[in-house]
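Asker: Below, each chain spelled out in residue letters.
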Amino acid sequence: MTPDSKFSDISVDFMRSPEQVMRLDRMGSSHQTRLSFMRSLIRRMSNEKWQFECLRRDIDSDGYGVSVYAVNTPNRTYSLIAFTQDIPPNKRTDRVIAEVWDATFSLYDGVPTQEDIDYLVHNTPKQEGGRFRPSELVLARANKSLRLFEHVISSLAKGNQPDIELLSSVGYLMRTTAIYGSGKFGCADREKIANREECRGAFQIELLAVYLIRWFTIDLVEYLAKKRGGNKAARLDPRISRFLGIGNSTGLGMAPFLLKHPNLIHSWVLAKESALARVRSIETPLNGSLEKFMQSLDQVSQHLKEWRVDDELQTSRIERLKSEIESLTNWCNNEINLVKPYPWNGIYQHTEDCYSLECQELVVSLIIEPHGSLVDDLAETMFSESIPKIQVGMPLSQLKVIVKNYYAWAIAIDFTTTKSQQHFWYYSEEKLEPRFGSRADEDGSEQEMPLTIGRDAYELNEVLFSVDDDMLVGEFVLAHPQYRHIIRRIQNTFIMPYSEVQDNLLDESMLPLNLLRFKLAFFGASKFDPKSDLWTRICMYQGAPMPEHLADSGYDDWYFPVIPRGFI
Amino acid sequence: MTKEQLTISLNEVIFFFTRAGFGVKAPIGVAEDFARSNVWIAENGFDPGLCSLGALDNIDSQASDLAILFKKTENGGRFYCPSDLYLSSLIASVSVVDRINLGIKDNELVVKNVDFPVLVIAAMGANKCNGLQAFWLDESNHEYLVRFTAEGVWEVVSSDSQPIELSKGANMIIQPISSEITHPYNASIKKYIAANEKEKILQSGVKVGENWQGIYDYFSRCLVKSTAESRASGAGAGMVDTD
Chain A
1 MTPDSKFSDI SVDFMRSPEQ VMRLDRMGSS HQTRLSFMRS LIRRMSNEKW
51 QFECLRRDID SDGYGVSVYA VNTPNRTYSL IAFTQDIPPN KRTDRVIAEV
101 WDATFSLYDG VPTQEDIDYL VHNTPKQEGG RFRPSELVLA RANKSLRLFE
151 HVISSLAKGN QPDIELLSSV GYLMRTTAIY GSGKFGCADR EKIANREECR
201 GAFQIELLAV YLIRWFTIDL VEYLAKKRGG NKAARLDPRI SRFLGIGNST
251 GLGMAPFLLK HPNLIHSWVL AKESALARVR SIETPLNGSL EKFMQSLDQV
301 SQHLKEWRVD DELQTSRIER LKSEIESLTN WCNNEINLVK PYPWNGIYQH
351 TEDCYSLECQ ELVVSLIIEP HGSLVDDLAE TMFSESIPKI QVGMPLSQLK
401 VIVKNYYAWA IAIDFTTTKS QQHFWYYSEE KLEPRFGSRA DEDGSEQEMP
451 LTIGRDAYEL NEVLFSVDDD MLVGEFVLAH PQYRHIIRRI QNTFIMPYSE
501 VQDNLLDESM LPLNLLRFKL AFFGASKFDP KSDLWTRICM YQGAPMPEHL
551 ADSGYDDWYF PVIPRGFI
Chain B
1 MTKEQLTISL NEVIFFFTRA GFGVKAPIGV AEDFARSNVW IAENGFDPGL
51 CSLGALDNID SQASDLAILF KKTENGGRFY CPSDLYLSSL IASVSVVDRI
101 NLGIKDNELV VKNVDFPVLV IAAMGANKCN GLQAFWLDES NHEYLVRFTA
151 EGVWEVVSSD SQPIELSKGA NMIIQPISSE ITHPYNASIK KYIAANEKEK
201 ILQSGVKVGE NWQGIYDYFS RCLVKSTAES RASGAGAGMV DTD
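So the protein lines, in turn, are chains A and B.
Position 566 (the first sequence) corresponds to 566 in the numbering used here; numbering is contiguous.
Position 134 (the second sequence) corresponds to 134 in the numbering used here; numbering is contiguous.
Take the hints with a grain of salt, since some may be wrong.
Label-pair ranges, simulated between beta-carbon atoms [unchecked claim]: (1) A:286 - B:229: 53 to 63 angstroms; (2) B:72 - A:373: 52 to 62 angstroms; (3) B:131 - A:87: 57 to 67 angstroms.
None of these hints come from the bench; they were simulated from the model.
Ideal Cβ placement from N, Cα and C applies to all residues, glycine included.
The shape of chain A in the complex, shown without the other chains (with noise of 0.2 angstroms):
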């Protein structure tokens, strides 16, 4: 991290702490900020004026075919190949078992030749069950909003525009089911782009692959109306375009990821806490900010208005952040509770003090928003290179400390009862689907995933008491290596202290939808939609330019978006 002397003296006592901010419940309420992927990938279009354009467009008057878009980069060309198909309405499933897809792309490395499009339209529709090259740097599918896509496309033939109600209540044309990166099936190793400026950034190809998507599918309505219209369709509204984004189903596979890439994870919390630390410790607002601030306030209220989801607990939860951030307003509109020193980390400990988790974490993410100057460089931190390593040098003395002070959530769980075990995360045979599974009703918990951290590190404890404090790491796991795993992951945590989530995943409260809206926010991702305690639809890009308006003004004001002026 490059530190801003100017703030990280102080900036350090407005640190929350990882006791506070890797907590489940806490990470199941984050929202998207500034610092998210998404943002920053949109910044880098627009600031290095990445140049788009559709390549090839062979698809029929029903849309099927294949097709090529491109991004040229300062330093090289990214394509994103599209294959669309028919399939069989009761096929549609966005599950990892799912066989067929209404769209499936390839990003490939540069510009395919007709041979590499001879080679993937063999594999890329089939997804996992394809294999792929280091050309190609990410696998994806996607299926249409059947609702929206036939609304949108017969709206334009006839010349007229979407109805915005309904656009709004689906906000995207297609949903991608899963978007595979980093030498899955044979795609290029993340080590083969890591160093491209473009790709330095956590998951930049696989969103850059998804912003692609959702242009594809504009572009598609707007062809498919075309042809059936003819002289009399229209083109979506620019403004509706930017206010589409692309679905997304995401499950079980998002929770191991987390749980595997410790130092990763520790650097995007690292980076938000640290965003956070330096807004709170500002004494005297910066010029406007504060003003943007209560404008964003009005804009959240809008868009919270706009997110309507069935599930009933994120329903409640949306309810409850409504009247929170009216109350919170009223409080911001007081001038005693702002015109004082350090006002930012005045509406942050009020909120801490008065109001849900949920509405804690949209606050973070208004109070940061303001502050691009202060905190953008911290994007460039989010990434990480270095894999946990074992100390053998430590003496147990030190190793017993640690566990004691930084997994004292997990040795004080009881992990003799059944409900701190109650579930177990594996591998289906079927297409390898991650599973969360109930111990007491299924078979297989022998083939359990090696996610049980809190378990494994209160188990550990126990044995460090009857081991003398002088042996070394490294004597000890010569003679008790079932216990290497988890003593290298705690050593980490020693260094990386936000890589560890302090809950125990195994147990009978558990939600994966927690770990699963964490990634998510960090990613960019907006309006939650819990299908179950397992998965979530969300939105991606709603509200961020389409390539045609990447050098507009306001390119990267498009946090928590809502339905644009003029059309409600």
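For chain A, the structure is supplied; the task is to place chain B on it using the hints.
Answerer: Frame of chain A; chain B shown alone:
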């Protein structure tokens, strides 16, 4: 992923080899290091399945043992298996690297009767044990010397043309690089610059041969059979998604 001739990514090496190690009941921490060693093997242009399948087979068939002991000697120390079995290279490799990383200046580390010496070499390479060399005479009388001369640079001196990854059953001697060791008669010497080899692999992928199926089979032991009940514990169960 079960085809005989396949090109895979380094990330897939990590994914499948970790779970293949776990599939033969190696502790997960050891299996993770085993996978990292296989990445190093792959990055250097070798097929990681060639030696690693044998090491996994040995554990699975109880021809090797994951139990290991260490005894200090006058010159350094000796790793050995308490039983008459081969010492599994999965546990030998992490133990050797741990010993080196303790920073104790051993003049000589001996690894007795290890089944696949190249996995110990790979662990040393993956952990940048520069300035060290290892030599051994295997049970088929092939002689090898591996020297880690500088960061990312290593060389293999062998007595004949048998690939190092097939060398099996040996007492390895690991010590600081010395110029005193003479090369065997008709020695073949090959030098590797890891970064160059790795760049090629990142561009072309890792080619795995017929042993891949065996690795995949061990990996598959970590998978749970799908049932109607377990299908319901996957995300999105019961949904037909039209919207």
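Asker: Evaluate each hint against the coordinates.
Answerer: Hint check:
At about 57 angstroms, the CB distance of residue 286 of chain A to residue 229 of chain B agrees with the hint of 53 to 63 angstroms. Between residue 72 of chain B and residue 373 of chain A the beta carbons are some 60 angstroms apart, a value that agrees with the proposed interval 52 to 62 angstroms. Take residue 131 of chain B and residue 87 of chain A: their Cβ atoms lie about 60 angstroms apart, and the range 57 to 67 angstroms holds.
Comparing the model with each numbered hint stated earlier shows that all of them hold.
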